[in-house]
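Our numbering applies: residue 205 is where the sequence shown begins, and numbers increase by one.
Just so you know, these hints were derived from the structure itself, not from any lab.
You may find that some hints are simply not true.
Here are the simulated distance ranges between beta carbons [claimed, not checked]: (1) K206 <-> G265: 37 to 47 angstroms; (2) M205 <-> T245: 35 to 45 angstroms; (3) G291 <-> L213: 18 to 28 angstroms.
Note that this is a predicted model, so its numbers are computed, not measured.
The beta carbon of each residue, even a glycine, is placed where N, CA and C say it ideally should be.
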Amino acid sequence: MKAIQQIVLDLSREEGFGTVVLTDATGLPLAISENREEAETLAAVVADILRSSSGIGRRLGWGDMSEIMLLSKDAQRGVLCRRFQTGQQDLVLALFIQPQYVYWKATTQAINKIKKAWHFSGGGK
Numbered sequence: 205m206k207a208i209q210q211i212v213l214d215l216s217r218e219e220g221f222g223t224v225v226l227t228d229a230t231g232l233p234l235a236i237s238e239n240r241e242e243a244e245t246l247a248a249v250v251a252d253i254l255r256s257s258s259g260i261g262r263r264l265g266w267g268d269m270s271e272i273m274l275l276s277k278d279a280q281r282g283v284l285c286r287r288f289q290t291g292q293q294d295l296v297l298a299l300f301i302q303p304q305y306v307y308w309k310a311t312t313q314a315i316n317k318i319k320k321a322w323h324f325s326g327g328g329k
């Protein structure tokens, strides 16, 4: 898990990103960036976000959503949740973002690194 913790920390230090947390599908934090208080708050809303998006996905006939973004009213702050699977484990990379920055490439790279580290560590143990 040390490698995964470093991946999360590195992502949080990139321009346009703030607090980052890796959770399971219930919102249980598995790795967090430096700001523990913000990370715990973010982790706490992951389960709510996933529950809401699951209902929306069902209504639209899309199934589970893989990416959910919430923006503040002034569009200067956002929460991004990217859901993915590694092995049999459903994980969520959740982070505070500044929406004017491109996030897709950096978060995709982080997710790929997490998957490799998860596999290498024997499932996050």
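These are the hints, each one checked on the structure:
Between K206 and G265 the beta carbon distance is about 41 angstroms. The supplied range of 37 to 47 angstroms therefore holds. Restraint check, M205 to T245: a C-beta distance of roughly 21 angstroms breaks the suggested window 35 to 45 angstroms. Our hint of 18 to 28 angstroms for G291 and L213 holds, since their Cβ atoms are close to 23 angstroms apart.
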